[in-house]
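Asker: Keeping their order, the protein sequence lines are chains A and B.
The working numbering puts the first residue of the first sequence at 1, with every later residue one more than the last.
The working numbering puts the first residue of the second sequence at 1, with every later residue one more than the last.
These aren't lab readings, by the way, just hints derived from the structure by calculation.
Please note that the accuracy of each hint is not assured.
Below 30 angstroms or equal to it, Euclidean Cα-Cα: the simulated DSS-like pairs (lysine-lysine) are [to be verified]:
id : chain 1 : residue 1 : chain 2 : residue 2
1  : A       : K43       : B       : K176
2  : A       : K229      : B       : K555
3  : B       : K485      : A       : K227
4  : A       : K43       : B       : K300
5  : B       : K594      : A       : K227
6  : A       : K230      : B       : K597
7  : B       : K377      : A       : K230
8  : A       : K229      : B       : K176
9  : A       : K229      : B       : K582
10 : A       : K229      : B       : K300
11 : B       : K583      : A       : K229
12 : A       : K43       : B       : K353
13 : B       : K586      : A       : K227
14 : B       : K444      : A       : K229
15 : A       : K328      : B       : K484
16 : B       : K594      : A       : K43
17 : A       : K227      : B       : K484
18 : B       : K597      : A       : K214
19 : A       : K230      : B       : K364
20 : B       : K208      : A       : K230
21 : B       : K485      : A       : K43
22 : B       : K444      : A       : K227
23 : B       : K418      : A       : K429
24 : B       : K176      : B       : K308
25 : B       : K130      : A       : K214
26 : A       : K230      : B       : K586
27 : B       : K582      : A       : K227
28 : A       : K229      : B       : K364
29 : A       : K227      : B       : K337
30 : A       : K227      : B       : K367
31 : A       : K429      : B       : K552
32 : B       : K484      : A       : K230
33 : B       : K444      : A       : K43
34 : B       : K407      : A       : K43
Only a predicted model underlies this, so the values are computations on that prediction, with no experimental measurement involved.
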Amino acid sequence: MGNPRDVVIVEGVRTPFAKAGTKLAEVHASELGKVALTELIAKTDLDVNQVDEVIIGNTGTPSDAVNISRVVALNSGVPQNVSAFTVHRNCASALESIASGYERIKSGTADVILAGGTESMSQMPLVFNKGFTDFMMNLQKARTTGAKLSLLTEFKLKFLKPRITLMEGLTDPFVGINMGQTAENIAKDFAISRLRQDEFALRSHQRATAAHDKLAQEMTPVFLPPKYKKVVEEDVGPRAEQTIEALQKLRPFFDKKYGSITAGNSCPITDGAAMMLLMSREKAESLGYNPIASIKSYAFAGCEPSRMGLGPVHSTPVALKRAGLELKDMGLVELNEAFAAQVIGCQEAFASDKYAQEKLGLSKAVGQVSDDILNVNGGAIALGHPVGTTGTRLVLTLMKEMQRRSDVQFGLATLCIGGGQGGSMIIEKEA
Amino acid sequence: MAVEGINVIEREDGVAVLELDLAGEKVNKFSTPVMQYFDEMLEKMMSAKYKGLVVISRKPKIFIAGADINEIKDIVEPADAKQKAAEGQRILSKFEDLPFPVVVAIHGACMGGGCEMALACDYRICTDDKSTRIGLPEVQLGIIPGFGGCVRLPRVVGIQAALDIILAGKAVDSRKAKKIGLVDDVVPQSMLEEAAIKKVLEVAGKGKRKKKFQAKGFVPGLLEGPAKFVVFNQAEKMVKKNTKGHYPAPLKALEAVKKTYGMSNREKALDIEASLFSEVAITDISKNLIHIFFMTESIKKQTGVHDKEVKPRSIKHMGVLGAGTMGGGIAQLGADKGIEVRVKDLNNDALSKAFVAAASIWEKKLKRRRMTKFEFKEKMGRVSGGTDYAGFGRMDLVVEAIVEDMKIKQSVIGETAKHMPEDAIIATNTSSLSVTEMAKGHPKPENFGGMHFFNPVHKMPLVEVIRGEKTSDETTATIFDLSKKMGKFPVVVKDGPGFLVNRLLLPYLNEAMYLLEEGMSIEEVDKYYLKFGMPMGPFHLIDEVGIDVSVKVAKIFHEAFGDRAKPSPLMSKIMETGRLGKKNQKGFYLYDEKGKKLELDQNVYKDLGLNTPTNPYNAEVCVNRGIFAMLNEAVRALVDDKIVEKAEEVDLAMIMGTGFPPFKGGLMKYADSIGTRKITDELSRFADDVGPRFKPAESLMKMADGDEKFYDKF
Numbered sequence: 001m002g003n004p005r006d007v008v009i010v011e012g013v014r015t016p017f018a019k020a021g022t023k024l025a026e027v028h029a030s031e032l033g034k035v036a037l038t039e040l041i042a043k044t045d046l047d048v049n050q051v052d053e054v055i056i057g058n059t060g061t062p063s064d065a066v067n068i069s070r071v072v073a074l075n076s077g078v079p080q081n082v083s084a085f086t087v088h089r090n091c092a093s094a095l096e097s098i099a100s101g102y103e104r105i106k107s108g109t110a111d112v113i114l115a116g117g118t119e120s121m122s123q124m125p126l127v128f129n130k131g132f133t134d135f136m137m138n139l140q141k142a143r144t145t146g147a148k149l150s151l152l153t154e155f156k157l158k159f160l161k162p163r164i165t166l167m168e169g170l171t172d173p174f175v176g177i178n179m180g181q182t183a184e185n186i187a188k189d190f191a192i193s194r195l196r197q198d199e200f201a202l203r204s205h206q207r208a209t210a211a212h213d214k215l216a217q218e219m220t221p222v223f224l225p226p227k228y229k230k231v232v233e234e235d236v237g238p239r240a241e242q243t244i245e246a247l248q249k250l251r252p253f254f255d256k257k258y259g260s261i262t263a264g265n266s267c268p269i270t271d272g273a274a275m276m277l278l279m280s281r282e283k284a285e286s287l288g289y290n291p292i293a294s295i296k297s298y299a300f301a302g303c304e305p306s307r308m309g310l311g312p313v314h315s316t317p318v319a320l321k322r323a324g325l326e327l328k329d330m331g332l333v334e335l336n337e338a339f340a341a342q343v344i345g346c347q348e349a350f351a352s353d354k355y356a357q358e359k360l361g362l363s364k365a366v367g368q369v370s371d372d373i374l375n376v377n378g379g380a381i382a383l384g385h386p387v388g389t390t391g392t393r394l395v396l397t398l399m400k401e402m403q404r405r406s407d408v409q410f411g412l413a414t415l416c417i418g419g420g421q422g423g424s425m426i427i428e429k430e431a
Numbered sequence: 001m002a003v004e005g006i007n008v009i010e011r012e013d014g015v016a017v018l019e020l021d022l023a024g025e026k027v028n029k030f031s032t033p034v035m036q037y038f039d040e041m042l043e044k045m046m047s048a049k050y051k052g053l054v055v056i057s058r059k060p061k062i063f064i065a066g067a068d069i070n071e072i073k074d075i076v077e078p079a080d081a082k083q084k085a086a087e088g089q090r091i092l093s094k095f096e097d098l099p100f101p102v103v104v105a106i107h108g109a110c111m112g113g114g115c116e117m118a119l120a121c122d123y124r125i126c127t128d129d130k131s132t133r134i135g136l137p138e139v140q141l142g143i144i145p146g147f148g149g150c151v152r153l154p155r156v157v158g159i160q161a162a163l164d165i166i167l168a169g170k171a172v173d174s175r176k177a178k179k180i181g182l183v184d185d186v187v188p189q190s191m192l193e194e195a196a197i198k199k200v201l202e203v204a205g206k207g208k209r210k211k212k213f214q215a216k217g218f219v220p221g222l223l224e225g226p227a228k229f230v231v232f233n234q235a236e237k238m239v240k241k242n243t244k245g246h247y248p249a250p251l252k253a254l255e256a257v258k259k260t261y262g263m264s265n266r267e268k269a270l271d272i273e274a275s276l277f278s279e280v281a282i283t284d285i286s287k288n289l290i291h292i293f294f295m296t297e298s299i300k301k302q303t304g305v306h307d308k309e310v311k312p313r314s315i316k317h318m319g320v321l322g323a324g325t326m327g328g329g330i331a332q333l334g335a336d337k338g339i340e341v342r343v344k345d346l347n348n349d350a351l352s353k354a355f356v357a358a359a360s361i362w363e364k365k366l367k368r369r370r371m372t373k374f375e376f377k378e379k380m381g382r383v384s385g386g387t388d389y390a391g392f393g394r395m396d397l398v399v400e401a402i403v404e405d406m407k408i409k410q411s412v413i414g415e416t417a418k419h420m421p422e423d424a425i426i427a428t429n430t431s432s433l434s435v436t437e438m439a440k441g442h443p444k445p446e447n448f449g450g451m452h453f454f455n456p457v458h459k460m461p462l463v464e465v466i467r468g469e470k471t472s473d474e475t476t477a478t479i480f481d482l483s484k485k486m487g488k489f490p491v492v493v494k495d496g497p498g499f500l501v502n503r504l505l506l507p508y509l510n511e512a513m514y515l516l517e518e519g520m521s522i523e524e525v526d527k528y529y530l531k532f533g534m535p536m537g538p539f540h541l542i543d544e545v546g547i548d549v550s551v552k553v554a555k556i557f558h559e560a561f562g563d564r565a566k567p568s569p570l571m572s573k574i575m576e577t578g579r580l581g582k583k584n585q586k587g588f589y590l591y592d593e594k595g596k597k598l599e600l601d602q603n604v605y606k607d608l609g610l611n612t613p614t615n616p617y618n619a620e621v622c623v624n625r626g627i628f629a630m631l632n633e634a635v636r637a638l639v640d641d642k643i644v645e646k647a648e649e650v651d652l653a654m655i656m657g658t659g660f661p662p663f664k665g666g667l668m669k670y671a672d673s674i675g676t677r678k679i680t681d682e683l684s685r686f687a688d689d690v691g692p693r694f695k696p697a698e699s700l701m702k703m704a705d706g707d708e709k710f711y712d713k714f
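For reference, chain A alone in the conformation it holds in the complex (with noise of 0.2 angstroms):
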């Protein structure tokens, strides 16, 4: 028996994920969001006139669809009268998608939502550079042929070193390192070894091999344009052949000499996206709907931008007070694998009386996040994380689990966000 205003999540649905540069490389943002949105209203049997709104996260915002909800929406099949806006909170904006739905249909605003996040980190493109925009600039304004001339004389070499967007976009723009190198000061606050890190590594990839038909079940495949002959059905990222020594073997990707970062233990670049429909509780029994889930609750909260990865750590306290329950009720925790060292900082982290008093003001430790509910299906390691995506991806992983077991009632979804911020949402399992 739930209040009328609960907000319950209907159904998701997600492309398979495939590393950046691999299979789904030609396939644009909003394509991949269409694909999944179009399915999730197939899926559904959806009344796309029901829809108040579409939310979608997405950082990378193409400048071919700088709303790129509105592009997603329109091109599946949502009706043109219905409103779109994308959201952008970083590596959270596909969680952020969500909440925003959650507030407006929690303050009566609205009973049908489709959210989730489109990312292709593939397309992200190179940009010129200042001083060769000024010069074309120049050029377009300059009158006259010999005006032109004479400032073609003035071009440099240098004009062609190109901005990558991508990089740009992993460096933390206030302290101006590198997501990996946060990682890497995690990895070092907590000295926590290479090996542990690698043996983490490896049971994602073991995981999310094992669980190869579960993750089936909440993916739709995509047939590639412009062609449409392929279809990309699974994720590409996970590996049932991987070895603990293969891993051993890379080398440090940011800190050469004393790192233990690499590429092994960290999560791909990725392409994919994922769409979830949420609704009122009394919209979706008008409807004849049984959802999976409920959302309780969700939170976000800042933290060092150095130490980003311990996000999780800071916005899941908030999350559990405004739910009214603790880390023991949650019998299945999604938390999103940026790199395996983060991953462990905010289990030590979780767990720290210490890091509780210093960092969180509270008297005592959040309490334990213990392996065997923790990315139970493997994580970004092996599965990958596009940006804008993640956040309903891990919403999504959880709450078919969720639907798996008889025991789990609650669930939580977390992740840190690239410029120092958590996110964190509890579920409730519903059907």
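Given the coordinates of chain A, assemble chain B onto it according to the supplied hints.
Answerer: Coordinates of chain B only, in the frame set by chain A:
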């Protein structure tokens, strides 16, 4: 005498506006009373003191649809035809002779006579609306523009652009019209009248316009001037290639342009045009093409059922079972017309074929700039698919296009119905199985019917709408309406082996095999039928359909109709040689990877155990054997089994479904032109000489007694 709906408004600024809004008519057209009224009105205007005249239509999406075809279809005397054209020319020339400038404001269709009137005026302005199309479609009706179009269009847009429109009977949109100079300006609809009046005021008092087409550039200048013979020769070659000599109108139109271009004596030029018009207007070919035009127009008004109270359901979401050639084609067409389509097949590889098919058809349009990349994306977005029944809960109608197996179809139909809304319709695209029998798989057989598309779906204009015994009127009307929405011509047929088109086609194909057996060469037979006017010969057609499919269907027909449909033994023999037709690049002919027909497979005769062809029969015998066999079956289908109700339905179906030569007006029209008595005699002779399968149908013999015509009786 005044005609209601045609008014001249004299404005305070001295501009007169001629408004066209024919009372009691959906469109403005030039009937005799309208033309006579124009005649009187223009006569009066000759002495009027207007600054200028604007001609504008008050109909929503039509300027002038053209001359009244009903008045042309019955003309049999050349002199009458010439008189008709001359009279129209004389009246439209008055627009040209008015002492003040005339500006035509065009919104919507401006066809034939309407276009010719606009050409007689000084300036033309049109709207940028999609409905605005200007053209001269006359040759499609077997005639040529006869109200001065052949004379005036080349003067306005040059001979190249003019021939492009006249010889193909084309219409152009506003963008193209502006580009070639057919209109002087393109404006939004809300500004049309204002723009036309502004134009009049701008040119008022400066005398009449002396516009003559000026080619831009050296080479175009040559081609429009001293080297125009090059253009004419090219055009003639193209026309001969495209019409294969079956359609005289485009050549006559070309002759009219050639003879009159550059002629300074207007009356003489118009007289030449009128004479040439009269030569084609009285031909059977023109009558037949007009007959087809009326048939297709009448389809637009029909609902597919007799009960006028029955309304079709609107289809917004359509499911397609099976992503094969047909399923993919149907999905593409639905999405193209704005329907959300969901395809289901067993696995993703099969499913991808539907996407590939849809994308490749639109990609061709994209390349030809008939479509933008945004439209491509939008349309592609309307096709989705899966291996489960996701989305079927909101389907209004599902088209089944899976394997041709009654048991499988019945069970899939039953399963599909479970996933659909209670009253949703399922239509089968079967080409050979009984719809009535298949309906047993549907929990509500009244919601089940046939929707038989022809391959390739996006090109073939026919859909057979099949009524099973229990198919309801509402289901029939819905499938009929959906077919029209998808841009097709539906014909309602009763359930029965092969329905209509395949039933008539099979004896014809079978006969080709018998001819082969009797010593005719494949190429000769195909050539004879091409000459008759079929779009391809029977052997080429068997290759296209697939030899395996033909064999299978032949068997079904043999079972259904007995000895008269006994297939030639060569039919199964050819399949045993490993030939499947175009699909495996090897049939009677060889094909390249893209399916392009290459030369005859020289081993065919040897592989079939035949001697070198001796070609014992002439063209007439060859063609009559096939066509009369078809006709004999048509009588049984139409008269005995009442598969369709009217002779014209047979004709429409055969033209749209098999490409039966339109200039012959269709199979039954062709039969009527020969006469039932003569056909029966010929069939009897074949029955004696060749085999009893030719025995004329009883009902045909009855008609032959009084030499009755199909079009009089059915």
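Asker: Compare the structure with each hint and give your call.
Answerer: Hint-by-hint comparison with the structure:
no. : hint              : in the structure
1   : K43(A) - K176(B)  : 45 angstroms, violated
2   : K229(A) - K555(B) : 36 angstroms, violated
3   : K485(B) - K227(A) : 27 angstroms, holds
4   : K43(A) - K300(B)  : 37 angstroms, violated
5   : K594(B) - K227(A) : 16 angstroms, holds
6   : K230(A) - K597(B) : 28 angstroms, holds
7   : K377(B) - K230(A) : 18 angstroms, holds
8   : K229(A) - K176(B) : 36 angstroms, violated
9   : K229(A) - K582(B) : 22 angstroms, holds
10  : K229(A) - K300(B) : 37 angstroms, violated
11  : K583(B) - K229(A) : 19 angstroms, holds
12  : K43(A) - K353(B)  : 21 angstroms, holds
13  : K586(B) - K227(A) : 27 angstroms, holds
14  : K444(B) - K229(A) : 37 angstroms, violated
15  : K328(A) - K484(B) : 63 angstroms, violated
16  : K594(B) - K43(A)  : 37 angstroms, violated
17  : K227(A) - K484(B) : 29 angstroms, holds
18  : K597(B) - K214(A) : 49 angstroms, violated
19  : K230(A) - K364(B) : 20 angstroms, holds
20  : K208(B) - K230(A) : 64 angstroms, violated
21  : K485(B) - K43(A)  : 27 angstroms, holds
22  : K444(B) - K227(A) : 39 angstroms, violated
23  : K418(B) - K429(A) : 29 angstroms, holds
24  : K176(B) - K308(B) : 41 angstroms, violated
25  : K130(B) - K214(A) : 50 angstroms, violated
26  : K230(A) - K586(B) : 28 angstroms, holds
27  : K582(B) - K227(A) : 23 angstroms, holds
28  : K229(A) - K364(B) : 16 angstroms, holds
29  : K227(A) - K337(B) : 21 angstroms, holds
30  : K227(A) - K367(B) : 14 angstroms, holds
31  : K429(A) - K552(B) : 56 angstroms, violated
32  : K484(B) - K230(A) : 33 angstroms, violated
33  : K444(B) - K43(A)  : 25 angstroms, holds
34  : K407(B) - K43(A)  : 28 angstroms, holds
The earlier numbered hints that this structure contradicts are 1, 2, 4, 8, 10, 14, 15, 16, 18, 20, 22, 24, 25, 31 and 32.
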